[in-house]
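J.: With the sequences and hints as input, model every part of the structure.
Chain order of the listed sequences is A and B.
Note that the first sequence covers residues 1 to 296 in my numbering.
Note that the second sequence covers residues 1 to 238 in my numbering.
Keep in mind the hints are simulated off the structure, nothing from the lab.
In this text the structure is predicted, and so the values were computed from the model without any measurement.
The beta carbon of each residue, even a glycine, is placed where N, CA and C say it ideally should be.
Some hints could be false.
Claimed, not checked - Straight-line distance between alpha carbons at most 25 Å, and here's what the computed DSS-like set of lysine-lysine pairs gives:
#1 B:Lys215 / B:Lys61
#2 B:Lys183 / B:Lys129
#3 B:Lys185 / B:Lys129
#4 B:Lys215 / B:Lys231
#5 A:Lys173 / B:Lys215
#6 A:Lys287 / B:Lys138
#7 A:Lys173 / B:Lys185
Said to hold, decoys possible - Just so you have them, the derived chain A footprint on chain B, three or more residues with Cβ under 8 Å:
#8 87–96
#9 107–113
#10 117–123
As a plain string of letters, each chain reads:
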Amino acid sequence: MMIPILNISTQALFGQLLLGLINGAFYALLSLGLAVIFGMLNIVNFAHGALYMVGAFCAYFLLNLFGLGYWWALLIAPIVVGALGVVIERTMLQRLAGLDHLYGLLLTFGLALIIQGVFQNYFGSSGLPYAIPPELQGGSNLGFMYLPNYRGWVVVFSLVVCLATWFMIERTKLGAYLRAATENPSLVRAFGINVPLMITLTYGFGVGLAALAGVLAAPINQVRPLMGADFIIVVFAVVVIGGMGSIMGSVVTGFMLGVVEGMTKVFWPEASNTVVFVIMAVVLLIKPAGLFGRTA
Amino acid sequence: MLDATSQPLLELAGLQAWYGESHILHGVDLDVRAGEVVTLLGRNGAGKTTTLKSIMGMVGKRAGSVRFEGTETIHMSSDRIARLGIALCPEERGIFSSLNVEENLMLPPQVRPGGLPLDQIFDLFPNLKERLSSQGTKLSGGEQQMLAIGRILRTGATLLMLDEPTEGLAPVIIQQIGHTIRKLKAQGFTILLVEQNFRFASTVADRYYVMEHGKIIDGFANSELAANMDKLHTYLGV
Numbered sequence: 001m002m003i004p005i006l007n008i009s010t011q012a013l014f015g016q017l018l019l020g021l022i023n024g025a026f027y028a029l030l031s032l033g034l035a036v037i038f039g040m041l042n043i044v045n046f047a048h049g050a051l052y053m054v055g056a057f058c059a060y061f062l063l064n065l066f067g068l069g070y071w072w073a074l075l076i077a078p079i080v081v082g083a084l085g086v087v088i089e090r091t092m093l094q095r096l097a098g099l100d101h102l103y104g105l106l107l108t109f110g111l112a113l114i115i116q117g118v119f120q121n122y123f124g125s126s127g128l129p130y131a132i133p134p135e136l137q138g139g140s141n142l143g144f145m146y147l148p149n150y151r152g153w154v155v156v157f158s159l160v161v162c163l164a165t166w167f168m169i170e171r172t173k174l175g176a177y178l179r180a181a182t183e184n185p186s187l188v189r190a191f192g193i194n195v196p197l198m199i200t201l202t203y204g205f206g207v208g209l210a211a212l213a214g215v216l217a218a219p220i221n222q223v224r225p226l227m228g229a230d231f232i233i234v235v236f237a238v239v240v241i242g243g244m245g246s247i248m249g250s251v252v253t254g255f256m257l258g259v260v261e262g263m264t265k266v267f268w269p270e271a272s273n274t275v276v277f278v279i280m281a282v283v284l285l286i287k288p289a290g291l292f293g294r295t296a
Numbered sequence: 001m002l003d004a005t006s007q008p009l010l011e012l013a014g015l016q017a018w019y020g021e022s023h024i025l026h027g028v029d030l031d032v033r034a035g036e037v038v039t040l041l042g043r044n045g046a047g048k049t050t051t052l053k054s055i056m057g058m059v060g061k062r063a064g065s066v067r068f069e070g071t072e073t074i075h076m077s078s079d080r081i082a083r084l085g086i087a088l089c090p091e092e093r094g095i096f097s098s099l100n101v102e103e104n105l106m107l108p109p110q111v112r113p114g115g116l117p118l119d120q121i122f123d124l125f126p127n128l129k130e131r132l133s134s135q136g137t138k139l140s141g142g143e144q145q146m147l148a149i150g151r152i153l154r155t156g157a158t159l160l161m162l163d164e165p166t167e168g169l170a171p172v173i174i175q176q177i178g179h180t181i182r183k184l185k186a187q188g189f190t191i192l193l194v195e196q197n198f199r200f201a202s203t204v205a206d207r208y209y210v211m212e213h214g215k216i217i218d219g220f221a222n223s224e225l226a227a228n229m230d231k232l233h234t235y236l237g238v
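T.: So, in structure tokens, the structure goes:
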């Protein structure tokens, strides 16, 4: 039943396409949070990968300390990490408002090292297992390929979250406040809107998305202190390609690059680790503001 | 006399303001009574825009006293000041490019009851109604000015501060803005206006203040405009 394309079976092709989509789902969720944070706070949040990891650990703790399973984790981990984000913003990031990007970058990079260091100290570097929830175990035979249910769920759920976030920002009143405050915070504040509170909550929301991605990743990648550190570099490339601060750009680019990476694995496996960075370099040369970026 | 009717709506005493290191306002004293249109005149860099921004709480550091309806606002943040019922239409208009016209118009929240209903705003500025779904910054300069004024009429703010609303606009649009200001005054709004163009200002203002080097150096009523013309030419260098 296998139809070879360039000596590659359709099974392998679709398998890699699916893997690409799953990676893309994580890229999209993480770069979306980064884009929202960058838009409002002007901060390149290098702590994003570490907070993604904290989200996964939240799921692990909820299960092993409180007996609360995956579905609870999906709800609680983003709230816990979001609250942590609120504390980080209020106690540290807020002091950097108006300073050069570099300060925010250094602060969040330092935070990432500290958070990862603490978890490594207690949990080492190896992975802790986290089981796929019983409802999503098994898989479906789609005829041309076998689809593990959990992976299908990850793709669909993250798409829904991304689209809901896009809708909230582009089509609601709250989103209009956010967009306006991104452009001219002092004027929006002079209309009577509590912009500093909005900024704090935006950071909480952005890192909450990272935690959500962490919970989604836990059953796939295991829970490891450095699970975000490896990942976040690619995510930053995605953000640069999509255009800093662009909401739809980060979602589309996330999924697109996941797929491109997956396809590269099929046709030229050696290049799969670098293809995203090559694309980044090309995009920066041709369109420095990114594919979806607005030039100021 | 401190009874309610004689108390000014807005009262500035010794207002000083800084942008970073630079000291811009050096003790501004002025007052605006309810229902008045008061115009700030002065050369570029005299501190007119900074005065409006300082009233709104939008400068880095302020000192002195700014009282609105008797409430001291000098230590308040600009969002709280706005909630008292003061609204600013900035010189650069501040139309948001990532929002369409309708979103721009509906952006400022209602801070008090009694703002103009939308249909009255569309009566004043019919152009806006036809362009609700356009990107805010795709409007012409005149339409952007109408949008910038229109959006603060909805909020219920009683003191409107307009920073050079006629700057760079065609005469026919300037007339429309003048007409709007007179209509707003008739409706009971209080207006603090910054203008370079005192021919325009003389068609709407009740009183004038003249600023120089971050201070008020003179003030007179509209009826005294003719008698003060020579002085004014010296002040403004025109």
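J.: Against each hint, give a clear statement of whether it holds in the structure.
T.: Do the hints match the structure? See the list:
As the CA atoms of B:Lys215 and B:Lys61 are separated by approximately 17 Å, the hinted pair is consistent with the 25 Å bound. With a C-alpha separation of about 19 Å, the suggested pair B:Lys183 and B:Lys129 falls inside the 25 Å cut-off, and the hint holds. In summary, the hint linking B:Lys185 to B:Lys129 is supported, as the alpha carbons are separated by about 23 Å, within the 25 Å threshold. Of the pairs offered as hints, the one joining B:Lys215 and B:Lys231 holds, with about 16 Å between alpha carbons and a cut-off of 25 Å not exceeded.
Taking the CA atoms of A:Lys173 and B:Lys215, the gap is near 40 Å; set against the 25 Å cutoff, the hint is violated. A C-alpha spacing of about 23 Å is found between A:Lys287 and B:Lys138, which places the hinted pair at or below 25 Å, so the restraint holds. Distance hint between A:Lys173 and B:Lys185 is unfulfilled; the C-alpha atoms sit about 30 Å from each other, more than 25 Å. Beta-carbon proximity to chain A at under 8 Å applies to 5 residues in the segment 87–96 of chain B; the threshold of 3 is reached and the given coverage holds.
Given as covered by chain A, the segment 107–113 of chain B passes the check, having 4 residues with a CB less than 8 Å from a CB of that chain where 3 are the minimum. Proximity of the segment 117–123 of chain B to chain A, defined as three or more residues with a beta carbon under 8 Å from a beta carbon of that chain, is not established by the 0 residues found.
Going through the hint list in order, the structure does not satisfy hints 5, 7 and 10.
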